[in-house]
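J.: Using the hints, position chains B and C against chain A.
Residue-level listing of the chains:
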Amino acid sequence: MNSRGPHGLIGLGVAALLLLPLVASAERIDPRLSARLNTSTARAVQSEIDRAHMEGLPTEPLVMKALEGAAKGASGRKIATVVHRHAMALGDASRALGPATTEAELVAGAGAILCGAPTDSLRSLRAARGDSSVVIPLVVISDLLARRVPPREAAEIVVGAWRAGASATDLLRLREGIHRDIQEGMEPSAAALRARVTTDRGRTETR
Amino acid sequence: MSESKDPWRRLSDAYRERPRISPEAKERLLERISKTPPPRRSRWGVPLPWPGSGLRLAPAVTAAAVIGAFLLGALVTRVALGPRLDHTSSAGGKTPADSLVLVQFVLTAPGARSVSVAGDFNRWEAGDLDMVRVSPEGLWTVTAALARGSHLYSFVIDGIRWVADPTAPLGPDDGFGSPSSVVVVGGPGAT
Amino acid sequence: MTEAEIIAQVLDGRRDAYRGIVERYYGDCGRFAYRMLGNRQDAEDALQETFLRAYRALARYRHSDRFKSWLYRILVNQCRTTARQRRRDAARFDPEADDDSGARGQVDPSDRVVEARDLLDKLLEPLDPALREAFLLKYGEELEYSEMADITGASVSALKMRVKRACDAMRPHVEG
Numbered sequence: 001m002n003s004r005g006p007h008g009l010i011g012l013g014v015a016a017l018l019l020l021p022l023v024a025s026a027e028r029i030d031p032r033l034s035a036r037l038n039t040s041t042a043r044a045v046q047s048e049i050d051r052a053h054m055e056g057l058p059t060e061p062l063v064m065k066a067l068e069g070a071a072k073g074a075s076g077r078k079i080a081t082v083v084h085r086h087a088m089a090l091g092d093a094s095r096a097l098g099p100a101t102t103e104a105e106l107v108a109g110a111g112a113i114l115c116g117a118p119t120d121s122l123r124s125l126r127a128a129r130g131d132s133s134v135v136i137p138l139v140v141i142s143d144l145l146a147r148r149v150p151p152r153e154a155a156e157i158v159v160g161a162w163r164a165g166a167s168a169t170d171l172l173r174l175r176e177g178i179h180r181d182i183q184e185g186m187e188p189s190a191a192a193l194r195a196r197v198t199t200d201r202g203r204t205e206t207r
Numbered sequence: 208m209s210e211s212k213d214p215w216r217r218l219s220d221a222y223r224e225r226p227r228i229s230p231e232a233k234e235r236l237l238e239r240i241s242k243t244p245p246p247r248r249s250r251w252g253v254p255l256p257w258p259g260s261g262l263r264l265a266p267a268v269t270a271a272a273v274i275g276a277f278l279l280g281a282l283v284t285r286v287a288l289g290p291r292l293d294h295t296s297s298a299g300g301k302t303p304a305d306s307l308v309l310v311q312f313v314l315t316a317p318g319a320r321s322v323s324v325a326g327d328f329n330r331w332e333a334g335d336l337d338m339v340r341v342s343p344e345g346l347w348t349v350t351a352a353l354a355r356g357s358h359l360y361s362f363v364i365d366g367i368r369w370v371a372d373p374t375a376p377l378g379p380d381d382g383f384g385s386p387s388s389v390v391v392v393g394g395p396g397a398t
Numbered sequence: 399m400t401e402a403e404i405i406a407q408v409l410d411g412r413r414d415a416y417r418g419i420v421e422r423y424y425g426d427c428g429r430f431a432y433r434m435l436g437n438r439q440d441a442e443d444a445l446q447e448t449f450l451r452a453y454r455a456l457a458r459y460r461h462s463d464r465f466k467s468w469l470y471r472i473l474v475n476q477c478r479t480t481a482r483q484r485r486r487d488a489a490r491f492d493p494e495a496d497d498d499s500g501a502r503g504q505v506d507p508s509d510r511v512v513e514a515r516d517l518l519d520k521l522l523e524p525l526d527p528a529l530r531e532a533f534l535l536k537y538g539e540e541l542e543y544s545e546m547a548d549i550t551g552a553s554v555s556a557l558k559m560r561v562k563r564a565c566d567a568m569r570p571h572v573e574g
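Just so you know, the protein sequences line up as chains A, B and C, in that order.
By the working numbering, the letter at position 152 of the first sequence is numbered 152, and the numbering carries on one by one without gaps.
By the working numbering, the letter at position 57 of the second sequence is numbered 264, and the numbering carries on one by one without gaps.
By the working numbering, the letter at position 52 of the third sequence is numbered 450, and the numbering carries on one by one without gaps.
Just chain A, with the same shape it has in the complex (with noise of 0.2 Å):
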């Protein structure tokens, strides 16, 4: 008897059915994901990714976030929880910088507010030039909140600055001087105030 009559054809039929729900899942799941993280992790993590997908965020650096955290041993639950903060990060910093924003810009931004830069820092950095690429005052205020400046002064150095027509040299340089100062000794926030005082001064020496 051919076990490939219609019986059995029915049966591979309802046998596909029940599987596409677990063949479509595995599928969804980026592969890049899969081949470093466990199957939960994973999952979860995608679940982020497709979240953001959603909103219009851009998602690869939150699958290079994730494969970050798998190359430095975390674990699947931390990995998870640092994806999901970075994902929020990306859709606050969005609604800060608003439309036309580019990925590169959305990611400093990200990288900012999760440093501890106030949200409305990066609405006036893109009001104070609104056609120029603000990647720059962005890193440039994420290092310094990671060097331990204060939140408001890191903002207001940045942003006075940019306002005030700085290039993205001269942002770098500025970041240079905070972090040599740091370096020999000075307090994080007495270093701000001292490359603000001497930037205002060197306005104030040109007009």
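Keep in mind that the hints were calculated from the coordinates and are not lab data.
For clarity, every value in this text was computed on a predicted model and none was experimentally measured.
Here a beta-carbon is modelled for each residue, glycine too, at the ideal position from N, C-alpha and C.
One or more hints might be untrue.
[As the list claims (entries may be wrong)] Here are the simulated lysine-lysine pairs, DSS-like style, with alpha carbons at most 25 Å apart:
#1 C:K562 / C:K536
#2 B:K242 / A:K78
#3 C:K520 / C:K536
#4 C:K558 / C:K536
#5 C:K558 / C:K520
#6 B:K233 / C:K466
#7 C:K466 / C:K536
#8 C:K562 / C:K520
#9 A:K78 / B:K233
[Claimed, not checked] Sample of chain C residues lacking proximity to chain B, with all beta carbon distances greater than 12 Å (derived):
#10 E401
#11 A415
#12 F430
#13 K466
#14 P524
#15 A528
#16 E542
#17 S555
#18 K558
#19 V572
T.: Chains B and C alone, transformed into the frame defined by chain A:
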């Protein structure tokens, strides 16, 4: 416990007694290993050859050798300035939207036996972009072709220690206990 | 099977082969972690992270390195991380933890009827972590100073000083 009368020897013997770690903890570890994808070997990257290094330049970046030498010549200045805002155009003169930009990574690590760069440009795979030690004082370097935009990266020392680039802006707390750095590649148009 | 053979099997995709590494080193790593951190829970956490990190980093293990040194480097770093995290947690949950720490671990030199194992715990606890680490690697694990330098990143002379200071701190209670 040892019969030795020497008190230090008794302490040493006491240390060697089996610790009070539960066997269940070991089984939980093995179970977790069974669910973790096995580690993979892979290589990536465009190491810059140095005399006597025995390294080959990949054909696609042959012209970058000259650029790489120039970058090394400006090393101290570049390190002092911090991050590598690199406006160098890629070899071959491709269109800006598609081009890769050469970026040189440098780290002083005299005690290291190996250093590599891991970041979002190579899926954070430590060991994929190995640096080359170029001086007895412990200067390590590698040049890589990165897409325009901003990237997060770290140095990985001896395969296990993740450190930020001391000359580059710090990235946000990665959430995993290891610092990372930011490099912005390609100039204002890329961001 | 040699470690090189086990590693080759794991890198070929045979996860179960890693059990050979765990069986070989779990006990020794466990006694170091337990003595270093002072409690079983923290030691188990540090052990788990150590062996997981080693597993994930196996592709980067260079066979010119002694495997035990490579593994212990991960273990020592993980114990340091666990201890740091515990201090942060303690500060969060018990603002007066610092006040308590000075009172803990005082050894009564007149108490001569303690077992060597309990004495070891009591002697180790008040030691500065760097001194404890050096002492355990030298007199517990019986490593050479050059290997300890590889593992900890400290210089041989610094390690010798730390071991000496640990012994000096413990001597009155050990030798009576």
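J.: Would you mind marking each hint as holding or not holding in the structure?
T.: Outcome of the hint check:
For a cut-off of 25 Å, the pair hint linking K562 (chain C) to K536 (chain C) stands: about 11 Å separates their Cα positions. Only pairs whose Cα atoms come within 25 Å are accepted, and K242 (chain B) paired with K78 (chain A) is accepted, the gap being roughly 16 Å. Straight-line distance between C-alpha atoms of K520 (chain C) and K536 (chain C) comes to about 18 Å, which keeps the hinted pair within the 25 Å bound. Distance hint between K558 (chain C) and K536 (chain C) is fulfilled; the C-alpha atoms sit about 9 Å from each other, no more than 25 Å.
About 22 Å separates the Cα atoms of K558 (chain C) and K520 (chain C), which keeps this hinted pair within 25 Å; it holds. Under the criterion of a C-alpha separation no larger than 25 Å, the hint pairing K233 (chain B) with K466 (chain C) is consistent with the structure, at around 18 Å. In summary, the hint linking K466 (chain C) to K536 (chain C) is supported, as the alpha carbons are separated by about 14 Å, within the 25 Å threshold. For the suggested pair K562 (chain C) and K520 (chain C), the alpha carbons sit about 18 Å apart, so the restraint of at most 25 Å is met.
The suggested pairing of K78 (chain A) with K233 (chain B) holds, with an alpha-carbon distance near 21 Å, which does not exceed 25 Å. At roughly 15 Å from the closest C-beta of chain B, the C-beta of E401 (chain C) stays outside 12 Å, upholding its exclusion from the interface. At roughly 9 Å from the closest C-beta of chain B, the C-beta of A415 (chain C) falls inside 12 Å, breaking its exclusion from the interface. Residue-level check failed: F430 (chain C) sits 8 Å from the nearest beta carbon of chain B, not beyond 12 Å.
At the 12 Å boundary, the C-beta of K466 (chain C) stays outside the reach of chain B, the nearest C-beta of that chain being 14 Å off. Once the 12 Å rule is applied to beta carbons, P524 (chain C) is consistent with being away from chain B; the minimum gap is 15 Å. With a minimum CB-CB distance of about 17 Å to chain B, A528 (chain C) clears the 12 Å threshold, and the non-interface call stands. Every Cβ of chain B is farther than 12 Å from the Cβ of E542 (chain C); the closest lies at roughly 16 Å, confirming the non-interface assignment.
No beta-carbon of chain B comes within 12 Å of the beta-carbon of S555 (chain C); the shortest separation is about 14 Å. Distance check on K558 (chain C): its Cβ is at least 17 Å (rounded) from any Cβ of chain B, clearing the 12 Å threshold; non-interface status holds. Listed as a non-interface residue, V572 (chain C) fails to keep its Cβ farther than 12 Å from every Cβ of chain B; the least gap is roughly 5 Å.
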